[in-house]
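**Q** As a plain string of letters, each chain reads:
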Amino acid sequence: MTLNIVLVKRVLAIGLGAALALLLLPAPVFSQEISWSLKNDPGTFDPAMVDEQAAEMVRFLTGGVLLRLNRTTQQVEPALAATWTVSPDGKLITFHLRDHLRFSDGAPLSSADVVFSLKRALSPQAPVSEEFLDAKNVTVDAPDALTVRVHLPKRVVGIGKIFDEIAIEPANRPSQGRVTSGSFFVADYKNGEYVRLARNPNYWRHDAKGVQLPYLASIKLDILKNRDQDELRFLRGQYQLIESVPPDNFSALAQKAPRAVHDLGPSLNTEQMWFNQSPAAPLPAFEKAWFTSKNFRNAVSLTLRRADIARIAYSGHATPANGFVSPANKLWYNQSLPPVRENINTALTALAQDGFRKNGATLVDREGHPVTFSLLTNAGNHARERTASLIQQDLAAVGIKVNVVTLDFPALIDRLMHKQDYEAALLGLTNVEPDPGSMMNVWLSSSPNHQWNPSEKTPATPWEAEIDRLMNAQDSAASDAERKRSTDRVQQIVADQQPFIYLVYPNALYAVSPTLSNAYLTVLQPGIISNIDYIRAGAK
Amino acid sequence: MRLIAASILLVLTLTACIVMVRAPFHYDQQDRDNISIGATHEHLTGTDDLGRDRTLRLAGALLLGLLGAAAASAIAGGLAVSAGLSAAFAPNWLGRTILYLSDVALTLPWLFLLMMVRSSLPLNLAPIHSATLTFLLLGLLGWPAFVRANHARARTLRASSWLMQGRAAGLKPLQLGRQLLPHLAPLLLTQFLIYIPVCIVAEANLGAMGLGISEPLPSWGSMLLALQNSALTANTHWIYLPIALLVFVLLLLEMLLVEVKS
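Going down the list, the sequences are from chains A and B. Okay, so the first sequence: first residue is 38 according to our numbering, each after it adds one. Okay, so the second sequence: first residue is 657 according to our numbering, each after it adds one.
Hints were generated in silico from the structure; no laboratory data involved. Ideal Cβ placement from N, Cα and C applies to all residues, glycine included. Do not take every clue at face value.
[Said to hold, decoys possible] Estimated spans, in silico, between C-beta atoms of each pair:
no.: 1; chain 1: A; residue 1: Glu519; chain 2: B; residue 2: Thr696; range: 55 to 65 angstroms
no.: 2; chain 1: A; residue 1: Gly397; chain 2: B; residue 2: Leu750; range: 46 to 56 angstroms
no.: 3; chain 1: A; residue 1: Thr498; chain 2: B; residue 2: Leu777; range: 26 to 36 angstroms
no.: 4; chain 1: B; residue 1: Leu827; chain 2: A; residue 2: Gly405; range: 52 to 62 angstroms
no.: 5; chain 1: A; residue 1: Asn396; chain 2: B; residue 2: Asp687; range: 38 to 48 angstroms
no.: 6; chain 1: A; residue 1: Glu404; chain 2: B; residue 2: Cys673; range: 31 to 41 angstroms
Throw the hints in and build the complete structure from the sequences for me.
**A** Below, the structure written as structure tokens:
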């Protein structure tokens, strides 16, 4: 009996020891953390309200979605939904969820959560709602715990891709990314320092061998404005990737880490400047008159030397732009648009038509006000700051005085999106996918992202009304040829009216540590980590 | 030593003036075919990343920095001596309040306040106005650091026999003030010289954060910012010239100060 007790104790001790050892031993695959930087604090962790890049990155990594756009094949693939069908008239979409889905906190995920999340995404405040065209007439219901139906008032072309942007959250308890159904959840956030994402232990996805994904245990996203610091940390091995390498540092980085850098050619992204045309803007009436003048905008466009911007500000890693669709987007690019060539004489003629004249070296308007405006851009983006200085000099040639103002990103967004308290802005636009349907939120006059004049109740000008009509037409047209015709026409109107003055298409420049495996580089954003579930850190 | 330092500063300033006046181009003129180059016949110390002449921008930054910092220092010194004298000669409760306020002002996070002020300013501010405003703010914010010293000196003078005699003889405050100033002069000069490099460095820091003096006006801050941006890709050592000159000027100012102290 004593012996037995001793034996039992020993067995227990050994068993406990083994269990402890197992617990304490790091799992060989899932223990890694990778790290990279975000240029600014995410504006929000609420996946339904995302309206800028840092927040979009966090949503991509944390948000579980019904369908995922494969950035390599550009095809939509089922994610939380095991299957999905679209009715022949395109008005009913039915999703069948996977069995036994759970949120990161262990709570079961059912169709009620999906209905809740879709309804939030359809609310007028949610930027993604624009892409449904007529979001207020879209209804969502759940006939059973695993089925969700979305009823659309009319067909929306490429509807599947929209669901890539709608994260499914727990019903009635949105958690700002703390409880998610995606690969990771927000574990820790220190304002201005970092966002730490931890692996979702209940993530639905498994690899071919049945190992639960993602392989990585956590991700640390440092908030780092300084791009040179970003590179130094990458070279030191602190960061495993740079989502976009500043163009002027590309060759220097290529010399130091030739295996790490990749230039994928022109990206889908654009760099543009625009004037504030919002009637609500706190600007004097004569300035509003300049900015709403087609001739004024065209003259500014004709004065800018885009080739210099590409060569000097982007060290040659960019292409002069003539519209919102990049030539990299071969299917939708309007080949008949001519490149914009600077021509100061034509610019001055256009200005004269609207009563502008030179008074010595200064351009003055009809009433004698000297033409001067501030150009707002974000601090820390060297290429953009240099672009602003080049614009400043180019416009001085026609007598326009530009004051360049750099602000930190949150202050900038506040002025652009909320207060409309600015004159002109210089920023870029990241296009997540090539389909023009995804650009609806920029081009529809009612959209809050219609930046030169956001959230118009009715289109302010006939050409904006025409863009509205064409964009809606392309988004519900039955054939691609019809869609192409509409999109080409929109590109032509934009080239004529210059609401956005497109400057360059920056190249897609990436840096990836060779220690990172399974990262597929794509022109579509996010360019490196779109395959995040399968990415492994470690020796290659 | 002091004379040598002052002479070098004078020579530097005069050279900068001559460079500004005699240069064949403007400080913001971009030579777009010669970007980030080293020394050439046309550009003696090369160009920056927009093709602007480095010598000219450096001369502009030196003049603007010294002039602005001296003005800011004079404002800060004037405010500090006024506050110190008021605290020393006013009724006790008022004196204590002034000192208390200056101590509170010392504890405020001025950098963040400066950033807030800058972002709430009208956007369409001409570069020269942004420069004036930057140095004006530095002048208005610099006084609390010197109030205690001025107050202590003024208290000593207040208790001195000559001042008591003067007061007993019925001298008016203005007349008393005139007598006081020569006694405060060494202290004021020291404060003035201490605060000049502080202002230069503060402007450089603000500029390096994208605040402060805006482009295309040349300033230490914007040049340091350019250095920060292009340090990795530099193909010429001339890009280090601005920071070298800044350190040199700060050393010269420090030498002037040592001499005054001793």
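**Q** The structure should be examined with respect to each hint, and the outcome stated for every one.
**A** Results for each hint:
no. : hint                                     : result
1   : Glu519/A to Thr696/B: 55 to 65 angstroms : 58 angstroms, holds
2   : Gly397/A to Leu750/B: 46 to 56 angstroms : 55 angstroms, holds
3   : Thr498/A to Leu777/B: 26 to 36 angstroms : 32 angstroms, holds
4   : Leu827/B to Gly405/A: 52 to 62 angstroms : 57 angstroms, holds
5   : Asn396/A to Asp687/B: 38 to 48 angstroms : 28 angstroms, violated
6   : Glu404/A to Cys673/B: 31 to 41 angstroms : 39 angstroms, holds
Hint compliance for this structure: hint 5 alone is broken.
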